[in-house]
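Guided by the hints, dock chains B and C onto chain A, whose structure is given.
Residue strings, one per chain:
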Amino acid sequence: MIEVSELGRTFTVTRKAGRFRRTRQDVVAVGGVSFEVRAGETVGYIGPNGAGKSTTIKMLTGILVPTAGRVRVCGLDPSRQRAELARRIGVVFGQRSQLWWDLPLRESFDLLRHIFRVPAGDHAKRLQECAELLGLHEFLDTPVRQLSLGQRMRGEVTAALLHGPELLVLDEPTIGLDLDSKERLREFLSELNTTRGTTLLLTTHDLDDIERLCRRMMVIDRGRVLADGPLAELRDEVTPERVLVVDFERPCEELTGLPGVQTVKVEGGGLRQQLSFRRDTVTAATLISMISQRSPVHDVAVIEPDIDDVVRQLYRR
Amino acid sequence: MCAVIGCYLRITLAGFHRYSTYRQAVLAGTATNIVFGLIKVGILSGVFLARDGASIGGYDLTTTITYVWLGQGLLGVVDLWSEDDLAERIRTGDIVVDLSRPWNLQTALLCTDLGRAGYSAIARFVPQLLLGAVFFPFRWPDDPMVAPAFVLSTALAVLVSFNLRFLLGLTTFWLLDSRGVRSLYSIAAPTLAGLEIPLSFFPGWAQHALSFTPFPSMLQFPINVFVQDGPVLAMLAQQLLWALLLAATARLVLARAMHKVVVQGG
Amino acid sequence: MADLAVYFRLARAQVRGQLSYRGSFVMNCFGQALAQGNDLLVILVVFGRVAALGGFDITAVLLFYALSGMSFGLADMVVGSIERLPTYVRTGAFDVVLMRPLATLFQLFAGDFQLRRIGRVLTAFGTLVYVLSTTDIHWTPAKALLLVLTPLAGATIFAAIFVAANSVSFWFVDSRELANAVTYGGSYLTSYPITVYVGWLRTLMAYIVPGAFVAYYPGLTLLDRADPLGGPSWLGWLDTPVAALAALVAGLIWRTAVRHYRGTGS
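Residue numbers (the numbering used here), protein chains in the order written: chain A, 1 to 317; chain B, 1 to 266; chain C, 1 to 266.
So here's chain A without its partners, still in its complex pose (with noise of 0.2 Å):
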C-alpha cells in the first residue's frame, strides 16, 4: 500500500544575519525514512513536534514533493501523479476542513461525490453506513458552521471515506476532542478496519488512540525512524519490566529471594504486595505458583507499563 525508501525532505531557510546580509540554511525535516505498509494494516505513526510527522504525510499524499528518496502509495508516485491518487486514498487533517463552511453537511458530502466523481448509487450506500455507524443522522442537515468540534470531526471523517479509499491517512484526528467523541471515532475506525479492510494510518499526540488502533506503531524524531513494530513487541523491547500485584488472604512478610525479583511496595502491612520482574527472565504465571507457594493468594494482577514510559524511553534512546 505505502511503499517508502530513504524518503528525505530537506527544507532551504533564509535567515536575517544581520542589517541586510542573510544566509542560507538547509533543514532536514525528514532524513531518510524507510517503511513499508501492507493493505490492511494499522499503523499509528508518532513523535515530538517537530519530528517530521507532517512532512511525511504531505509527501505521502503528494503536498509536499521529497527531495531524496522513493515513495509510492497505492502503486502511485503521489506529487505526479496527485489526482488519480486523491481518488484512492481519503485524508484527514484534524485542524483543517475540507467541508463547507456554510452549507449542511449533507450538501458538503454531495459535492465531493460530484468531485469525487463516486456513482450515486455507492455513495448513498456509504455515506447511509458512516451515518448510521457515527450517528450522523441528527445534524446532516445542519450547516458546518453550527456543528460542535466533534460533530464536525464525524463529517470529516465520513467526507474522506465517501469515495471508498484504500487507505486512510489521518494527522492528529482526536485532536480537541472530548473524551465520548474520541471514543466513538476510534470505534468507528477500528471496525471500518475489520470490516472493510481499509489501511489506517494515523498520527497523533493521544497514545491512547495507539493503544485501542493500531497493530503497528512507527516512532518519529528529528527525522529519522526511532522504532517500528507492532505495540506488544516494542513494549517487550523498549520497557521489558512488568509490575505483579498480589494481594494475599493474610498479611505477609516482604518476599524476598525470588529471582529477578524487586519489592516495588509493600501494603497494609504485607497484605499487598507489588513486584517487578524482567519478562526475559521470569514468566508471570511461574513467579505467581512460586509466591502462592509461600502464602496464600487471594488475586494477582499484571500491570503493563504505560505507553507513555514507552515512548518517553524512545525518544531517549
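Since the hints were derived computationally from the structure, they do not count as laboratory data.
Cβ coordinates follow ideal geometry from the N, Cα and C atoms, glycine included.
Treat the hints with caution; some may be incorrect.
FRET-style restraints, in silico, Cβ to Cβ [unchecked claim]:
1) C:Thr87 to A:Gly135: 32 to 42 Å
2) C:Trp171 to B:Phe136: 26 to 36 Å
3) C:Gly23 to A:Arg24: 49 to 59 Å
Here are some chain C residues the structure puts well away from chain A; computed CB gaps all over 12 Å [unchecked claim]:
4) Gly23
5) Ala35
6) Gly199
7) Arg225
Frame of chain A, contents of chains B and C only:
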C-alpha cells in the same frame, strides 16, 4: 503624570516598531502607490494638456503633479481605509481584555496609530516625495514656515482620520457586523478627501458641501498647505476643530459602549 | 469537460452560502457598485473641466471606462479571491485544494466565487448601455460580435493578470499589495485612453501587461476611430487572441508557482 506619558510614549514606539517589521509589506505598498501615482500623473497631465495649461483653482500642472506625489505618500501615513483590527476584537469579544487594562483605550490606540504613521512618514512618504521632486516637475514651498505648518497639518490629519476610523470600529458594538459601513467608508473617503483628483477640480457646489465635512482635513488640507494653496491658518483651524470634535465624540461613544459592555456583558 | 460541471457545482454552492447572509450580501453588492461608480464620478469631474482627454471626448472615455469596468468586474467576481492566497497557504486550506482530484486553479476560482462583485459589473454595464444608446455607432454584425467578445476577452486578460501577479505570494507572502499595482492599477489605467500616459508606462501596462486590449483598441474599432498613436485599425480585433495568450502565460506562471509551493510547503 510622567509615568503616564512615558507609558503612552512606549506604546507609540511599539507601534512604530511593530509596523517597521512588515518591511516587505511596506515596500510592496509603496511600489503600488508609485504605480498608481504614475497613472494619475498621466491622466492629470492630460487634463492640463487639454486646457492648454490653464490652471484650475490654484492648481497648475506643476502643482498638480506635486499634489499627486504628496497624496500618494500621505496615503500610507493618514490611512484612509478602515482596518479590521478593532472591529474584529469587538466582534470576538477580545475587546474586554483591552478595556480592562489600566489605560485609556482611545489614547492607547491613537499612540499605536501615531507610531505607525511615523514609520510610514519615513518609509512611504519621504521616498515618494523625493521621487516626485527628482523625476517630475515639482513645486517646493518658497516659505520656510511651510515646513512646520505641513508637519502640524499632517499630524492633525492623522488625528482626524484616526478618530473617524475609531468611531467606525466602535459601531461594531451596536451593529455586530460593521463591515458594510466600513467598506462604504473605505470607498467614499479617499475621493472625498481629495486622493483621486484635487478637490478644487470639483464643481463649486460640491467643494462648498465638502467644506462642511471632515474629509478635506485628512488629505487635501495638508497638501494645500505644502503647495501653498489657500489660507494656512484657516485650514489648520478647521483641522483642529474636526480633530477635537471627533475625539470628543469618540470618547463619548466609547463611554457608552463600555457602559453597554458592563451592563449587558458585551 | 465533466470537471467543468463540478466547478459550476462548487461555484453554485459557494453562492448559496453567500446568499444565506442576505443583508450583508446586498450591502456588499451595493458597495461594489459604488466603488465602480466612484471611478465614474472622477471621470465626470474631469470632464467638467475639459472637453477632451488624450484626444477623446467624454463618450469615448465613458466607453473605455465601461468596457474596462465590465472586464475587471467579471474577472474580480470569478478570480479576484485569489488575493486571499496567502491566507489559504497560512491556514492550510491550500493543502485541502491539493488533496482533491481537480485542477488547483479552477478549484480556487469556483470555491471562492464572489457574486457580490457583480455590483461592479452592473455599474459598468449601465454606463455601457447609456453610451451605446446616446452615441451614433455604425453597427455591423462583426461589431456586434466584438461588443459581446470584448468584456469576455477583457475579463480573461484581467483574470490572467490576477493569477500571474498573485502567484508571487507563493514566494513573498507579505508582498500581496504589489499585485494590486497591476490588478486594480490595471483597471484604473485602462479606464482612460492610453494616449495620456508617458511612453514607458504605456509600454509596460498597455502592451507587456496587455491592458490596451481590454478597452482601448476594441473601443476604437467600435467607434470607427483611428488610433492617435498610429496603430493599425485591426488591433481592436486582436483582443480575443491576446486574451488567450495572456491566459496561457498566466497558466504557466501558476504551474511554476504551485510547483514551488509543493517544494517548500510553507
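Results of checking the hints against the structure:
Taking 32 to 42 Å as the suggested C-beta distance range, the pair Thr87 of chain C and Gly135 of chain A conforms, at roughly 33 Å. Range check, Trp171 of chain C to Phe136 of chain B: Cβ separation about 32 Å, and the 26 to 36 Å hint holds. Between Gly23 of chain C and Arg24 of chain A the beta carbon distance is about 51 Å. The supplied range of 49 to 59 Å therefore holds. Every C-beta of chain A lies more than 12 Å from that of Gly23 of chain C, the closest at about 15 Å, which supports listing it as non-interface.
With a minimum CB-CB distance of about 24 Å to chain A, Ala35 of chain C clears the 12 Å threshold, and the non-interface call stands. Listed as outside the interface, Gly199 of chain C is consistent with that label: its C-beta sits roughly 34 Å from the nearest C-beta of chain A, beyond the 12 Å cut-off. At the 12 Å boundary, the C-beta of Arg225 of chain C stays outside the reach of chain A, the nearest C-beta of that chain being 48 Å off.
The structure meets every hint from the earlier list without exception.
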